[in-house]
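Asker: The listed protein sequences derive, respectively, from chains X and C.
Note that the first sequence covers residues 69 to 468 in the numbering used here.
Note that the second sequence covers residues 347 to 411 in the numbering used here.
Keep in mind that the hints were calculated from the coordinates and are not lab data.
No experiment lies behind these values; they were computed from the predicted model shown.
Treat the hints with caution; some may be incorrect.
Stated by the list, open to error - Taking CB as the label site, the calculated pair distances span:
1) X:K271 - C:V398: 19 to 25 Å
2) X:E114 - C:D385: 24 to 30 Å
3) X:R445 - C:K399: 53 to 59 Å
4) C:L400 - X:F206: 14 to 20 Å
5) C:G348 - X:E189: 32 to 38 Å
Stated by the list, open to error - Below, simulated DSSO-like cross-link-like pairs (lysine-lysine); rule was C-alpha separation at most 27 Å, straight line:
6) X:K377 - X:K453
7) C:K354 - X:K271
8) X:K86 - X:K382
9) C:K354 - X:K273
10) C:K404 - X:K271
To be verified - If you want the footprint, here are the derived chain X segments under chain C, 3+ residues with CB under 8 Å:
11) 189-200
12) 269-282
13) 291-302
14) 375-384
15) 405-414
Heads up, the beta-carbon is just placed ideally off N, CA and C, and yes, glycines get one too.
This is what each chain is made of:
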Amino acid sequence: MAETMTCYERVEAAWNLKQADRVPVAPMVIYILPYLAGLSFRDMVEDPERLAQAAIDHQDLVGDFIHPVLTMLDHQAILPNSTWDQVSIHWRIWEHFPPRGNIPSAVFSEDMIADYDAILEDGFAAVLFSRKVNPAVFEREVRDWLHYGFEYPRVFWQAWDRFVRETGRCLQMGARASIPFDALIHYRTFPLIAEDIVERPEKVKRACERLGRYEITTAMARCMVAGAGHIPGAEKIFLGNGLGAPPYVSPAVFNEFVYPFLKMQVDLAVLRGFMVHVHLDGNLTLVLETLAHIADGLPRGRVMLDFEKTDMRKAKEVLGDRVCIYGNVPGALLVYGTPQEVDLYCRDLIEACAGGGGFILGSECEVPWDAKPDNVRAVLAAAEKYGRYGHPNRRVHPTW
Amino acid sequence: MGREEEEKLLEEVAARLNPPSEKELNEIIAKWLFGENADKMLEHAPWSFILVKLMWVKGEEPWRS
């Protein structure tokens, strides 16, 4: 059936809780595309044109929008950036992809922030000068730091601008930012943050407030470099939460230490015209009532909640008339399942969530690099097969 | 619906965006990097940055060992 809307229009309609021509679909294909194209990690970092070309060559796996493999950009930064900077995670897998063995990471092993008072009084620069930072982080030459800090982002976004123009798809985001408690887990380690919320909760909150403002403000500036207002989707900030949600932390901790600063960040960005894609790993079913207030006081259609393991039926029930929801075909199904199983899973998900609009069919988190391409194609096909609005023969939900 | 509508959407986005100014951005980055010293670091930039030696974590400075 002919498409009657552009990808961008379709996605915007969903964010605004309106029915598009069909359910938008965008399994989060990130590393699978360069993997299929045979790129090494070094290729991905050093040649954004080849990275974007890999996505163009495999656009049959791309839905209405694409994640522009933003880790390739963020990871090169010297300044702290979404906890994917050189300090908190240091990939050394240059010549091959996928990695052979675990990716070396500071997460869970070193407390990069040893003293909240020092961070608040003297600043995060102390972390950059900590002896716990892997010395390999600083092996680069000054010209490399200058390139990756100031020139590389423009080269990177030129490549993705070409992707958008050649494929008609839009960008999933123009920048990423961390929800501060989640970032603090990376810098502090899980055992210590668990101690902190009991022994020094006010210091944790002060650090979250400071880090939250830094992350969201710099993300807004990075969106402008990406082409916000000119390239479809570049006005969206991907606000990511990996570990700062149930089941990794309790609902009480989420409500006290995570949500208030998440809401602060969302408000800061939306009130300046940006849109916020809140990516929530974990299972948020127990805190949906809290999340129901995420868009309070804001213009409609500027916030989307992206769920990994959350019960989507319950999410639709609690959030359906407030914010767009996005998710959540399991990664394991995409790797180990069959196209038929994926098709049935998507059919049920669309049936449960798409009524009235406000739903985008996607994957749990990212599509694993070793997912079966036919399974990804099955997700895209399901949106067309089951997600047509206004076509009685294709309806599956009795209320559509 | 189509490209024209998409252009209209983009124009609406461009019109409502109020990104941080360079001054705001510098202040927020300085606050995160230099804490309570941010204002003075900016006031005396760029030469204030030779003082980053002071940012070593207390007790872990290489000149102590």
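Asker: Next step is simple, just say for each hint if it's right about the structure.
Answerer: Taking the hints in turn, this is what the structure says about them:
1. X:K271 - C:V398: 19 to 25 Å: 24 Å, holds
2. X:E114 - C:D385: 24 to 30 Å: 38 Å, violated
3. X:R445 - C:K399: 53 to 59 Å: Given range 53 to 59 Å: holds, Cβ gap about 56 Å.
4. C:L400 - X:F206: 14 to 20 Å: Given a distance of about 18 Å, which is inside 14 to 20 Å, the answer is holds.
5. C:G348 - X:E189: 32 to 38 Å: Since the Cβ atoms of G348 (chain C) and E189 (chain X) sit about 55 Å apart, the hinted range of 32 to 38 Å is violated.
6. X:K377 - X:K453: 24 Å, holds
7. C:K354 - X:K271: Roughly 46 Å between the alpha carbons, so the hint for K354 (chain C) and K271 (chain X) is violated.
8. X:K86 - X:K382: Given that 27 Å is the threshold and the Cα spacing comes to 19 Å, the pair holds.
9. C:K354 - X:K273: 41 Å, violated
10. C:K404 - X:K271: 19 Å, holds
11. 189-200: It holds, with 12 qualifying residues against the three required.
12. 269-282: Holds: 4 residues of the region 269-282 of chain X have a Cβ under 8 Å from chain C.
13. 291-302: holds (count 6)
14. 375-384: Per the Cβ count (0), the hint is violated.
15. 405-414: violated (count 0)
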